[in-house]
Amino acid sequence: AQKITQTQPGMFVQEKEAVTLDCTYDTSDPSYGLFWYKQPSSGEMIFLIYQGSYDQQNATEGRYSLNFQKARKSANLVISASQLGDSAMYFCAMSLTGTASKLTFGTGTRLQVTL
Amino acid sequence: GAVVSQHPSWVICKSGTSVKIECRSLDFQATTMFWYRQFPKQSLMLMATSNEGSKATYEQGVEKDKFLINHASLTLSTLTVTSAHPEDSSFYICSTMVNLDTQYFGPGTRLTVL
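Protein chains in written order, with this note's numbering: chain A, 2 to 116; chain B, -7 to 106.
Be aware that a few hints might be false.
Stated by the list, open to error - Derived DSSO-like pairs: lysine-lysine, alpha-carbon spacing no greater than 30 Å straight-line:
1. B:Lys33 / A:Lys4
2. A:Lys4 / B:Lys47
3. A:Lys17 / A:Lys74
4. A:Lys4 / B:Lys56
5. B:Lys6 / B:Lys33
6. B:Lys33 / A:Lys74
7. B:Lys58 / B:Lys12
8. A:Lys17 / A:Lys71
9. B:Lys6 / B:Lys47
10. B:Lys33 / B:Lys56
11. B:Lys47 / B:Lys12
12. B:Lys12 / B:Lys56
13. A:Lys4 / A:Lys74
14. A:Lys4 / B:Lys6
15. B:Lys58 / B:Lys47
16. B:Lys33 / A:Lys17
17. B:Lys58 / B:Lys33
18. B:Lys6 / B:Lys56
What the hints assert, rightly or not - To give a feel for the contact side, a few chain A residues facing chain B, derived at Cβ under 7 Å:
19. Pro41
20. Gly44
21. Met46
22. Tyr51
23. Lys103
24. Phe106
25. Thr108
What the hints assert, rightly or not - Covered, in the sense of this in silico footprint (three residues per stretch, anywhere, with C-beta under 8 Å from a C-beta of chain A), are these stretches of chain B:
26. 31 to 38
27. 94 to 105
Quick caveat, the hints were computed from the structure, so don't treat them as lab data. All C-beta atoms, glycine included, are put in the ideal place defined by N, C-alpha and C.
With these hints in hand, go ahead and build the complete structure from the sequences.
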């Protein structure tokens, strides 16, 4: 069975600074997908970024980038130039077969951006 | 704009009553939808996979007779919490695949059972 681990229950970052949210995963399946979602206080899950297990390059989407280290089984999210609106819960998730099918979520990291 | 909608956004009901939550895909057809629940300050847990025109597939430990799922059309899946009790109070979220690498979530429904 697959497992996602997020070891940082909470993180603080100053506005305009970069922050890294950690995520490690465990699966024996060679084909999988890794996702990051943002959940603000409203509750909605907002898709941020995706990395496929066979992708050679790290995924990037605007201020978001995914530091994919396959040998270490880590998929850390890097947010550059943090903004106050980035304050939210962030969840790392994984699906097998590389498609967005059933997602297994980590426990989440609460990010607080300060002035 | 939103690709998945849910209704209602919140509901309060008495213990023993049933509550229906709708999940709609907007502007596209969704043969598969997923239902998750999230307890306060916890992560999302997959409850079941809803397949259009066939029975839902439930995750281990989820009572299929309590959480009835119907996916009668390509744009609508419903989750009915039957004989709700206070321990069923939770945040219920549906999702669907848009592309192979993208799964979008609805805004969620907050259920409170008194």
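Here is how each hint holds up against the structure:
no.	hint	result
1	B:Lys33 / A:Lys4	holds, 19 Å
2	A:Lys4 / B:Lys47	holds, 27 Å
3	A:Lys17 / A:Lys74	holds, 29 Å
4	A:Lys4 / B:Lys56	holds, 24 Å
5	B:Lys6 / B:Lys33	holds, 24 Å
6	B:Lys33 / A:Lys74	holds, 26 Å
7	B:Lys58 / B:Lys12	holds, 12 Å
8	A:Lys17 / A:Lys71	holds, 29 Å
9	B:Lys6 / B:Lys47	holds, 28 Å
10	B:Lys33 / B:Lys56	holds, 25 Å
11	B:Lys47 / B:Lys12	holds, 17 Å
12	B:Lys12 / B:Lys56	holds, 14 Å
13	A:Lys4 / A:Lys74	holds, 11 Å
14	A:Lys4 / B:Lys6	violated, 36 Å
15	B:Lys58 / B:Lys47	holds, 14 Å
16	B:Lys33 / A:Lys17	holds, 27 Å
17	B:Lys58 / B:Lys33	holds, 24 Å
18	B:Lys6 / B:Lys56	holds, 21 Å
19	Pro41	violated, 11 Å
20	Gly44	holds, 4 Å
21	Met46	holds, 4 Å
22	Tyr51	holds, 4 Å
23	Lys103	holds, 6 Å
24	Phe106	holds, 5 Å
25	Thr108	holds, 5 Å
26	31 to 38	holds (count 5)
27	94 to 105	holds (count 8)
The structure shown violates the earlier hints numbered 14 and 19.
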